[in-house]
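Number of protein chains: 2
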Amino acid sequence: MEREINKIVIIGSGNVATILAKKIQKNKHYTIVEIVARNIQTGKSLADEIHSLLCTDISKISQIADIYIVAVQDKTLPILANELNNYIPKDKIIVHTTGSASINILKNISSNIGVIYPLQSIKSSSSLYIEIPLFIDANNEKTKIQISDLANSISSKVDIANDEKRLKLHIAAVIVSNFSNYLFTLGEDFCKTENISFEYLLPLIEETVRRMQTTSPSIMQTGPAIRADQNTIDLHKRILKKENLSETLDVYSFLTEKIQQHFEK
Amino acid sequence: MEREINKIVIIGSGNVATILAKKIQKNKHYTIVEIVARNIQTGKSLADEIHSLLCTDISKISQIADIYIVAVQDKTLPILANELNNYIPKDKIIVHTTGSASINILKNISSNIGVIYPLQSIKSSSSLYIEIPLFIDANNEKTKIQISDLANSISSKVDIANDEKRLKLHIAAVIVSNFSNYLFTLGEDFCKTENISFEYLLPLIEETVRRMQTTSPSIMQTGPAIRADQNTIDLHKRILKKENLSETLDVYSFLTEKIQQHFEK
Numbered sequence: 001m002e003r004e005i006n007k008i009v010i011i012g013s014g015n016v017a018t019i020l021a022k023k024i025q026k027n028k029h030y031t032i033v034e035i036v037a038r039n040i041q042t043g044k045s046l047a048d049e050i051h052s053l054l055c056t057d058i059s060k061i062s063q064i065a066d067i068y069i070v071a072v073q074d075k076t077l078p079i080l081a082n083e084l085n086n087y088i089p090k091d092k093i094i095v096h097t098t099g100s101a102s103i104n105i106l107k108n109i110s111s112n113i114g115v116i117y118p119l120q121s122i123k124s125s126s127s128l129y130i131e132i133p134l135f136i137d138a139n140n141e142k143t144k145i146q147i148s149d150l151a152n153s154i155s156s157k158v159d160i161a162n163d164e165k166r167l168k169l170h171i172a173a174v175i176v177s178n179f180s181n182y183l184f185t186l187g188e189d190f191c192k193t194e195n196i197s198f199e200y201l202l203p204l205i206e207e208t209v210r211r212m213q214t215t216s217p218s219i220m221q222t223g224p225a226i227r228a229d230q231n232t233i234d235l236h237k238r239i240l241k242k243e244n245l246s247e248t249l250d251v252y253s254f255l256t257e258k259i260q261q262h263f264e265k
Numbered sequence: 001m002e003r004e005i006n007k008i009v010i011i012g013s014g015n016v017a018t019i020l021a022k023k024i025q026k027n028k029h030y031t032i033v034e035i036v037a038r039n040i041q042t043g044k045s046l047a048d049e050i051h052s053l054l055c056t057d058i059s060k061i062s063q064i065a066d067i068y069i070v071a072v073q074d075k076t077l078p079i080l081a082n083e084l085n086n087y088i089p090k091d092k093i094i095v096h097t098t099g100s101a102s103i104n105i106l107k108n109i110s111s112n113i114g115v116i117y118p119l120q121s122i123k124s125s126s127s128l129y130i131e132i133p134l135f136i137d138a139n140n141e142k143t144k145i146q147i148s149d150l151a152n153s154i155s156s157k158v159d160i161a162n163d164e165k166r167l168k169l170h171i172a173a174v175i176v177s178n179f180s181n182y183l184f185t186l187g188e189d190f191c192k193t194e195n196i197s198f199e200y201l202l203p204l205i206e207e208t209v210r211r212m213q214t215t216s217p218s219i220m221q222t223g224p225a226i227r228a229d230q231n232t233i234d235l236h237k238r239i240l241k242k243e244n245l246s247e248t249l250d251v252y253s254f255l256t257e258k259i260q261q262h263f264e265k
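Protein chains in written order, with full-length UniProt numbering: chain A, 1 to 265; chain B, 1 to 265.
Any given hint could turn out to be false.
When chains are identical, the list treats them as one kind, so a pair holds in a single copy or across two.
[Claimed, not checked] Straight line, CA to CA, 27 Å or less: simulated DSS-like cross-link-like pairs of lysine-lysine: (1) K242 / K165; (2) K258 / K75; (3) K107 / K165; (4) K165 / K192; (5) K258 / K123; (6) K144 / K241; (7) K144 / K192; (8) K28 / K44; (9) K241 / K258; (10) K165 / K237; (11) K75 / K123; (12) K165 / K241; (13) K192 / K157; (14) K242 / K7; (15) K237 / K258; (16) K107 / K92; (17) K75 / K241; (18) K258 / K144; (19) K258 / K242; (20) K75 / K44; (21) K75 / K237.
Derived from the structure by calculation, the hints contain no laboratory data.
It should be emphasised that the depicted structure is a prediction, and the values quoted were computed from it without experimental measurement.
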């Protein structure tokens, strides 16, 4: 019989730490023994909310947990991993939660390391019911099973992903989420400039996304670019030029050309 | 007392014609006296569905309607407008449904012309409950009121938009819908290449869009570009290069730079 894990320490009190903590706390099988955070305000608030303790001094981190979840910003992770090396027992499971860092960033800390990467844009204010696909990895089978059990207890979509696959998932996420959010920003800016309520565009955006539940976006491409409707394209560009919206004009021209090349293939 | 309109002819049997016809038919105040369509198959199917008649010969178009709605593709509109000139009584209301054509394309047909532009990506298979903001225009006040009544009977979001405003709405629609759909297509292609299920990305995309109900996308921008996380950007680019995905690499580089310039401002 494998030893089961149940005591958890969460290091961090930001967006990912908060939502993971709240989701884990709902499952009676697991106990979050403490939140470790330098930020007393967010740390205290999170610890209180999930009825756990707060530790603000990393040298006093609890030694009794089975798994340590490091949910901090990408840039903080390397420094923190170095520090944790001194304070976590060498056989405990430790995981990080980022898409672009290697699992090996944790290798000096313990003999049981892993990753739980949430492929979602998470805010601490996110609903507890937000759907979060989790991609996990571990450096040995036993750890992988234990991490998988934990991941499955908080998400219905769990899959294995090594360093390379996580990096690729991250690229896909940047393309479909960060880049499209930028387009929504440009659209909103344009509406502001032209005194149009951006709200009018929301049903269209929602419909564009809703369709992907059943239909590949590649066969749903519409608009003047794919129709090769040069009159409309020229008319649009002329207006963007007239309004001195050079950034939007650049993006319009670039993506129109890319769409035409893509769908000509 | 203004003369009310109630008898309607719809010219076209494509996506927009179908959804407008179905929405109008639900309102007992209006009667669709016939569907005019060259395509016997889609025309017959639509006419049957809404319990109306089909006319396939434009020279025999019903003379008794109060309003004629021309819902055809942008490129067909100019030719059709020329033909209709001969067959529609000069005082009837006639409207078209496109964002980029001027209201004046109809000016030889009647003294009462207008536009009902649906700002939505419509398929004939769309649910009847799809939300469609309608932008209307007319060349005189009486016609505007009558078109407005009709528009309000099928949509809860109706606003006035002249030629220029419709063109601008169309630009905004292209940016937020056509361009983002292209990014979703690139994301899906990338997932296929890398043997990743695109389904895993859907919750992220939905969340990105869901937030715009309450929050401006400009303050929700995340990702390596806005964080100026050059390590991750270089890593991502290296993978795209290695996998020979030059189109995706081009788009990644271009939009990353644009995001950085935009949010530096």
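Okay, the hints, checked on the actual structure:
1. With identical chains, the CA atoms of K242 and K165 are at most 27 Å apart between copies only, with a shortest distance of 14 Å across copies and 45 Å within one.
2. Proximity of K258 to K75 under the C-alpha cut-off of 27 Å is restricted to the inter-copy arrangement: shortest distance 23 Å between copies versus 33 Å within a copy.
3. Taking the shortest alpha-carbon separations for K107 and K165, only the intra-copy value of 19 Å comes in at or below 27 Å, while the best inter-copy value is 59 Å.
4. With identical chains, the CA atoms of K165 and K192 are at most 27 Å apart between copies only, with a shortest distance of 13 Å across copies and 40 Å within one.
5. In this assembly of identical chains, the alpha carbons of K258 and K123 lie at most 27 Å apart only when taken from different copies (24 Å versus 33 Å within one copy).
6. When the C-alpha separation of K144 and K241 is checked against a cutoff of 27 Å, the pair qualifies neither within a copy, at 55 Å, nor between copies, at 31 Å.
7. When the C-alpha separation of K144 and K192 is checked against a cutoff of 27 Å, the pair qualifies only between copies, where the shortest distance is 26 Å, while the shortest distance within a copy is 50 Å.
8. With identical chains, the CA atoms of K28 and K44 are at most 27 Å apart within one copy only, with a shortest distance of 22 Å there and 60 Å across copies.
9. Taking the closest pair of Cα atoms, K241 and K258 come within 27 Å of each other both inside a single copy (20 Å) and across two copies (17 Å).
10. Only between protomers do K165 and K237 lie at most 27 Å apart by alpha-carbon distance; the minimum there is 15 Å, versus 39 Å within a single protomer.
11. For the homomeric pair K75 and K123, the shortest alpha-carbon distance inside one copy (18 Å) is at most 27 Å, but the shortest distance between copies (45 Å) is not.
12. Taking the shortest alpha-carbon separations for K165 and K241, only the inter-copy value of 16 Å comes in at or below 27 Å, while the best intra-copy value is 42 Å.
13. Taking the closest pair of Cα atoms, K192 and K157 come within 27 Å of each other only across two copies (18 Å); inside a single copy the shortest separation is 39 Å, beyond that limit.
14. Within a single copy, K242 and K7 get their C-alpha atoms no closer than 62 Å, and across copies no closer than 42 Å, so neither meets the 27 Å cut-off.
15. Within a single copy, K237 and K258 get their C-alpha atoms as close as 16 Å, and across copies as close as 18 Å, so both meet the 27 Å cut-off.
16. For a Cα distance limit of 27 Å, the shortest separation of K107 from K92 inside one copy, 12 Å, qualifies, whereas the shortest one across copies, 79 Å, does not.
17. For a Cα distance limit of 27 Å, the shortest separation of K75 from K241 across copies, 24 Å, qualifies, whereas the shortest one inside one copy, 40 Å, does not.
18. Proximity of K258 to K144 under the C-alpha cut-off of 27 Å is found in neither arrangement, the shortest distances being 42 Å within a copy and 40 Å between copies.
19. For the homomeric pair K258 and K242, the shortest alpha-carbon distances inside one copy (23 Å) and between copies (20 Å) are both at most 27 Å.
20. Taking the shortest alpha-carbon separations for K75 and K44, only the intra-copy value of 23 Å comes in at or below 27 Å, while the best inter-copy value is 62 Å.
21. Proximity of K75 and K237 under a CA criterion of 27 Å is satisfied inter-copy only: 19 Å between copies versus 40 Å inside one chain copy.
Hints 6, 14 and 18 from the list above are not met by this structure, while the remaining hints are.
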